[in-house]
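Enquirer: The primary structure of each chain is shown beneath.
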Amino acid sequence: MEVFSINKTLKKNWQAYLFTAPFVVLSAVFMVYPIFGGFVNSLYNSKWGSNVFVGFANYAKIFSKDIYLLSIRNSLFLVATVVPLLIVFGLLIAGSIFDKVPAYVSGVRICLYIPVIISMVVMSIIWRFILDSQTGLIRYFTMQLGLESVDVLSNIKWTLILLVFILFTMNIGQCVLLYVADMIGISKELIEACRIDGGSRWHMFRYILIPLTKPTTVFVFITQASATLKTFIVIQLLTKGGPNFKTTTMMFLLYQEAFENSNTGVASAIGVLMFLISLLLVTFRFISLRREENKAK
Amino acid sequence: MRLKNASKLDLISNFLIVLFCLFSIFPIYWLFIGSFKFSTDIIKIPPDWIPNPWTLENYKSVFASQPALNWIANSVIISFGTAVGIVLVSASAGFALSKMQFRGKKILFSFVIASLLIPMEIYILPLYKLIVSIGWKGTLWGYIVPNLALPFGVYLMKNFFDTIPDEIIEAARIDGCGTTRFFFQFGLPLAKPGIGALVIMSVIRIWNNYLWQLLNATNDPKSYTLPVGITKLFENQVEIDYGLKFAAAVLTALPLLIVFFAFQKYFTKGISAGAVKG
Chain B
2 MEVFSINKTL
12 KKNWQAYLFT
22 APFVVLSAVF
32 MVYPIFGGFV
42 NSLYNSKWGS
52 NVFVGFANYA
62 KIFSKDIYLL
72 SIRNSLFLVA
82 TVVPLLIVFG
92 LLIAGSIFDK
102 VPAYVSGVRI
112 CLYIPVIISM
122 VVMSIIWRFI
132 LDSQTGLIRY
142 FTMQLGLESV
152 DVLSNIKWTL
162 ILLVFILFTM
172 NIGQCVLLYV
182 ADMIGISKEL
192 IEACRIDGGS
202 RWHMFRYILI
212 PLTKPTTVFV
222 FITQASATLK
232 TFIVIQLLTK
242 GGPNFKTTTM
252 MFLLYQEAFE
262 NSNTGVASAI
272 GVLMFLISLL
282 LVTFRFISLR
292 REENKAK
Chain G
2 MRLKNASKLD
12 LISNFLIVLF
22 CLFSIFPIYW
32 LFIGSFKFST
42 DIIKIPPDWI
52 PNPWTLENYK
62 SVFASQPALN
72 WIANSVIISF
82 GTAVGIVLVS
92 ASAGFALSKM
102 QFRGKKILFS
112 FVIASLLIPM
122 EIYILPLYKL
132 IVSIGWKGTL
142 WGYIVPNLAL
152 PFGVYLMKNF
162 FDTIPDEIIE
172 AARIDGCGTT
182 RFFFQFGLPL
192 AKPGIGALVI
202 MSVIRIWNNY
212 LWQLLNATND
222 PKSYTLPVGI
232 TKLFENQVEI
242 DYGLKFAAAV
252 LTALPLLIVF
262 FAFQKYFTKG
272 ISAGAVKG
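Order-wise, the sequence lines are chains B and G.
Positions 2 to 298 (our numbering) are the ones given, in order, by the first sequence.
Positions 2 to 279 (our numbering) are the ones given, in order, by the second sequence.
These are computed hints drawn from the structure, not numbers from a lab.
Think of the CB as a built atom: it goes at the ideal place given N, C-alpha and C, for glycine as much as any other residue.
Worth double-checking, as some hints may not be accurate.
Computed footprint of chain G on chain B, listed as stretches where at least three residues anywhere in the stretch have a Cβ under 8 Å from a Cβ of chain G [said to hold, decoys possible]: (1) 90-104; (2) 139-146.
No more than 25 Å apart at the CA atoms, straight line, and that leaves these computed lysine to aspartate or glutamate pairs for DMTMM-like [what the hints assert, rightly or not]: (3) K62(B) - E261(B); (4) K215(B) - D163(G); (5) K247(B) - E149(B); (6) K241(B) - D11(G); (7) K130(G) - E261(B); (8) K233(G) - D133(B); (9) K193(G) - D221(G); (10) K100(G) - D11(G); (11) K215(B) - E294(B); (12) K106(G) - E293(B); (13) K45(G) - D133(B); (14) K100(G) - D163(G); (15) K9(G) - E294(B); (16) K223(G) - E294(B); (17) K298(B) - D163(G); (18) K66(B) - E122(G); (19) K193(G) - D167(G); (20) K62(B) - E168(G); (21) K189(B) - D11(G); (22) K298(B) - D167(G); (23) K61(G) - D242(G); (24) K241(B) - E168(G); (25) K233(G) - D163(G); (26) K138(G) - E149(B); (27) K45(G) - D152(B); (28) K241(B) - E240(G); (29) K100(G) - E294(B); (30) K233(G) - E190(B); (31) K247(B) - E236(G); (32) K107(G) - D198(B).
Model the full assembly from the supplied sequences, consistent with the hints where possible.
Expert: Here is the structure:
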């Protein structure tokens, strides 16, 4: 009976299954399977070639050792600072330029978007060079200002803040692009009406731009949070997680544990934790989508 | 609406924005002109804001001392190969999700939306083990195949096919054109703008996909791609030939800048198509 109905479904839908098969098979093998594999691996301790089932010991280790906790804290700190900055300045920049002459708008967009397209590797290399305390431009500027030469890339207090700023400059273009596209679509009458009523730009922001671009804000929040969570290249090429693990992120630690310390159990557990954080974002995404749908009805 | 009747606050904020724009492209300027300086001039203080003298030495030595041609070839083949694959996989799945009725459609679409937010980095270790165990490490298969199922691509293509009215398919069906034939004969050509956006975004994504390429490369420098090649230059060395490193970095950055300027229109379209429709 059961077989019969499956056969019937197949017969009715075979064309659609053929069309979706490449995507389904590829994501099953190269995404779903590794995610499950990662969860299984996280329950084993596979250091030194042996594979011992240890239950949740790897997780216990993560939540009891300072290095791991620090990496979680740093990753969350980056998400909690970079993402709001991107949203606030994305809105401010887009809202200040969107109603100007098109050439100016696209000029700004291009300048800010170039660092987004250029490989993070290249951007990191050049920042690494500019900020080098011995050979970089920063030495020249500190000398000009009559300051002591400072190693901004290994400062206990400030290096993480510096990374917030660098990540910000690497991603702001994406947000400005999205907000400008959205704001240009807002009806001209609405904006003109605000102006005629004597509304300042602040009023325009408060009552038109911010509320009407809310779906974009949600989108930027979710995608940028997901992107910031996996921060790796910048850390690998600028600070190597230092000084004293102050800039070690979850992704950087995952890489270190997996490919340099061959401590795959702990690395997998970090991956699972990151997956769970991503699932939070996914849930948030579905809630916001449902809300938009309900509003559309 | 133009600049002249903007308020004072507006003027100040736009002035700051222009400053920030200059600041944001300065590193790229510094990289490009650095690649035309002699290595000793690059680290000179006070710096030369324009190369003095100009030289092509760095570019010559990248090609002479490193297998840079292999890196370029690898990056080009991998990026375009993956992009073509992504388009085929995404267009067919996106078409089915938009224009066909089948059991499991809702689940599949939810899966696409959910997996948009699951970056590869999270499961990179088990994925790496998988690729090693099937013997793909270092091969083109290893570079390309794990990147073919791109949820964003499926999502983008579904959105594009959604804009094609169902009546066209109905009309074609009455004329005896099946769904599959419709896809190849009319669907793909109609989705050209979407496909263009997807190709460009995929090429950029894969060109810059450092971590996976780093893991998939073998110890043979000839198997590197451009981003892997540059990071391996002078790795763990005290003496760094910055000129050479800059030249290699320019080789990595320049092709994408050209693609960006040539196809700017597609960018805005593709990126906002992904966002605006939720």
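Enquirer: Next, verify each hint and record whether it holds.
Expert: Outcome of the hint check:
no.: 1; hint: 90-104; result: holds (count 7)
no.: 2; hint: 139-146; result: holds (count 3)
no.: 3; hint: K62(B) - E261(B); result: 18 Å, holds
no.: 4; hint: K215(B) - D163(G); result: 23 Å, holds
no.: 5; hint: K247(B) - E149(B); result: 23 Å, holds
no.: 6; hint: K241(B) - D11(G); result: 41 Å, violated
no.: 7; hint: K130(G) - E261(B); result: 15 Å, holds
no.: 8; hint: K233(G) - D133(B); result: 19 Å, holds
no.: 9; hint: K193(G) - D221(G); result: 39 Å, violated
no.: 10; hint: K100(G) - D11(G); result: 47 Å, violated
no.: 11; hint: K215(B) - E294(B); result: 14 Å, holds
no.: 12; hint: K106(G) - E293(B); result: 21 Å, holds
no.: 13; hint: K45(G) - D133(B); result: 13 Å, holds
no.: 14; hint: K100(G) - D163(G); result: 8 Å, holds
no.: 15; hint: K9(G) - E294(B); result: 40 Å, violated
no.: 16; hint: K223(G) - E294(B); result: 51 Å, violated
no.: 17; hint: K298(B) - D163(G); result: 18 Å, holds
no.: 18; hint: K66(B) - E122(G); result: 23 Å, holds
no.: 19; hint: K193(G) - D167(G); result: 18 Å, holds
no.: 20; hint: K62(B) - E168(G); result: 60 Å, violated
no.: 21; hint: K189(B) - D11(G); result: 18 Å, holds
no.: 22; hint: K298(B) - D167(G); result: 21 Å, holds
no.: 23; hint: K61(G) - D242(G); result: 13 Å, holds
no.: 24; hint: K241(B) - E168(G); result: 57 Å, violated
no.: 25; hint: K233(G) - D163(G); result: 45 Å, violated
no.: 26; hint: K138(G) - E149(B); result: 48 Å, violated
no.: 27; hint: K45(G) - D152(B); result: 18 Å, holds
no.: 28; hint: K241(B) - E240(G); result: 18 Å, holds
no.: 29; hint: K100(G) - E294(B); result: 20 Å, holds
no.: 30; hint: K233(G) - E190(B); result: 56 Å, violated
no.: 31; hint: K247(B) - E236(G); result: 22 Å, holds
no.: 32; hint: K107(G) - D198(B); result: 47 Å, violated
Hints 6, 9, 10, 15, 16, 20, 24, 25, 26, 30 and 32 from the earlier list are contradicted by this structure; the remaining hints agree with it.
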